[in-house]
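Let chain C serve as the given structure and place chain P with the ligands on it in line with the hints.
First to last, the protein sequences are chains C and P. Remember, this note's numbering sits 4 above the position in the first sequence when you count from 1. Remember, this note's numbering sits 1158 above the position in the second sequence when you count from 1.
In short, the hints are calculated from the structure, not lab data. A hint or two may mislead.
What the hints assert, rightly or not - Using 25 Å as the maximum straight-line C-alpha spacing, the simulated DSS-like pairs for lysine-lysine come out as follows:
{"no.": "1", "chain 1": "P", "residue 1": "K1470", "chain 2": "P", "residue 2": "K1482"}
{"no.": "2", "chain 1": "C", "residue 1": "K209", "chain 2": "C", "residue 2": "K221"}
{"no.": "3", "chain 1": "C", "residue 1": "K253", "chain 2": "C", "residue 2": "K71"}
{"no.": "4", "chain 1": "C", "residue 1": "K209", "chain 2": "P", "residue 2": "K1283"}
{"no.": "5", "chain 1": "P", "residue 1": "K1283", "chain 2": "C", "residue 2": "K221"}
{"no.": "6", "chain 1": "C", "residue 1": "K112", "chain 2": "C", "residue 2": "K140"}
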Amino acid sequence: MQPLSRWISVSALALMALNAPAQAAVPADALVGPIAEYKLYVLDNLEQLVAHTREFTQAIEQGNLDKAQTLYAPTRVYYERIEPIAEMFADLDASIDAREDDYEHGVKDPDFTGFHRLEYGLFKAQSTQGLAPYAKGLMQDVDDLDQRVQGLTFPPSTVVGGAAALMEEVAATKVSGEEDRYSRSDLWDFQANVDGAQEIFELFKPLAAEEDAGFVKRVQGNFDDVEAILADYRVDPQDPKKGFVSYDKVSDADRRALTGPVNVLAEDLSTLRGLLGLN
Amino acid sequence: MLVSFDVLARDREGLDILLRTLTTRIAFLTQGGAYPQRDPRFPPPDSGILGPRIPPDGLSVTVALGASLFDDRFGLAPARPRHLERMQGFPNDALDAARCHGDLALQICANTLDTAYHALRDIIKHTPGSLLVRWKQEGNVPLLPPSPGDIDGSARNFLGFRDGTANPSAQDPALMDELIWVDAQRDEPDWAVGGSYMAVRIIRNYVERWDRTPLGEQEAIFGREKMSGAPLSGGVEQDVPDYASDPEGKITPLDAHIRLANPRTPATEKNRILRRPFNYANGVEPNGQLDMGLLFICFQADLQEGFITVQKRLDGEPLEEYIKPVGGGYFFVLPGARDEQDYLGRGLMAATT
Ligand code: HEM
Ligand SMILES: [Cu+2]
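Bound conformation, chain C alone (with noise of 0.2 Å):
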């Protein structure tokens, strides 16, 4: 990996002069609009969500694995990326995407289903055997989760606060590998999620640069750091649906190097929110 010299290590909180005066609030008629189009980004996201996971799921009731495994990482993209929303719903967010470490008889646990117990069927045990009946209750789920955003009111912290929420997620599960433990398809969830956070700092960018003009180039040097060491790991750079190596190939010496932008996006982040004058 070469190093990148545009990476920078330090965040708001060290910059920040912190007896600043209180936040103006943006005018909250500014984040209509952005919150809006964040919506269709979701909308969009959802829609594929549902289609890949019924081609994904009626590949395991065809006892087709060999696609039933292809299809894993390019269906969980779409859930990865608008988690900040579809976590508003715990109950679904538990049943699709919970990890074994959620329970505590791990993966024999009755309440273990969705994407993750899915993962351990096809990866771990390499079979699609007895997994019909999770596959069809993943489907519900999603369709679920589909019907119950189509018409939602998209609180606007929630929405802001997304952002640092995806990068949360990275530092917390996809860094250590502890996501996609037996596909190995960790990278794929890891783009996802700086996409997902992507998406909310470009659209919130003009707002937040009117605050504070070095925090959004401070952020957009981060982003472009993460997505370039990314890249080096794709299967294919000219085609990025082949998707990402699998995590094993990344050293250990990588993982690092990924965390310190990858935490200072996450320190950096946790900002947006205050910065737009929202509580």
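Below, chain P with the ligands alone, put in the same frame as chain C:
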């Protein structure tokens, strides 16, 4: 508490910012005071775990560098302290990679553990892109008042023995200069003068087994009486053990811990080290035994003549049946910052431009 980090900064500039930030944070934290106010719509600048005003609470933070920091990332190689190397396992070790080495270590000590946690969280929050915690080991020196019938003496470790008795006195500046601090005579890089080598060892104690060992055997293993801490050759805790009149080890066995660690001969005077033992308790092992032990930290002006030589003398000691070193590392403690303009590591950075 000892915390070891990987340095994530990617160039000299990033490392320089890190060292300056550490200096500023440590200066604030050790003196105490209030954090600036911040608009409540932002995350607060402080974790708040010590309340609105930070008391100094005896906080000290010792910053030390590991050999890995002197690789090709920052151009520091030509200025590496001469004895700074990656810790190699000793015969009784069972090192756990997740608890070994590191680019930079902080020894954080305070009267209360919360003050140490507060300092650690403050430092982590201010260095998100440049430091990543690699491992951490807490430890504690029990400050119990003597129980009825006991005398006041050194604190006890988890094997029930007084620990720290025979340390060279930190109250004796000449002795510290001779044994602990690197000075100009040491054939070390100029920037290293005023620094010291820090050896860290996480040493598990098999306490259940120890508690099933006869008292006489325990005392023979250390060479001291358990309750009083006095040497087996007699007297009180602070009395110097007498090996000269016991050449065959009939009173103090030749392989007793203290006799091997410090044979008290003129030739071994230069191997003396300043020990800071902390007790730790981490939880439970899969076999149901307690994971307790000693966070052993020692300082010396010459790592080879200090820790490494002493540990080699201890290799094979009877105590090994009850202990298992599982982690740690070697570090070089940076000389202190001298004034407001100075910062920790400035000399090193200047020496390698
Ligand atoms: C779990 C591990 C260990 C335990 C429980 C332990 C315990 C003790 C005790 C009870 C004493 C006598 C009291 C005192 O003078 O402080 C002592 C002395 C000493 N220990 Fe250890 N120790 C351990 C590991 C080590 C290691 C790793 C070293 C260095 C390589 C070391 C070096 C010394 C030295 C130099 C003395 C003083 C001897 C003297 O000057 O008379 N110890 N230790
Ligand atoms: Cu997830």
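Quick rundown of the hints versus the structure:
1. P:K1470 / P:K1482: holds (15 Å)
2. C:K209 / C:K221: holds (10 Å)
3. C:K253 / C:K71: holds (23 Å)
4. C:K209 / P:K1283: Answer holds: K209 of chain C to K1283 of chain P is near 24 Å, not above 25 Å.
5. P:K1283 / C:K221: holds (20 Å)
6. C:K112 / C:K140: holds (19 Å)
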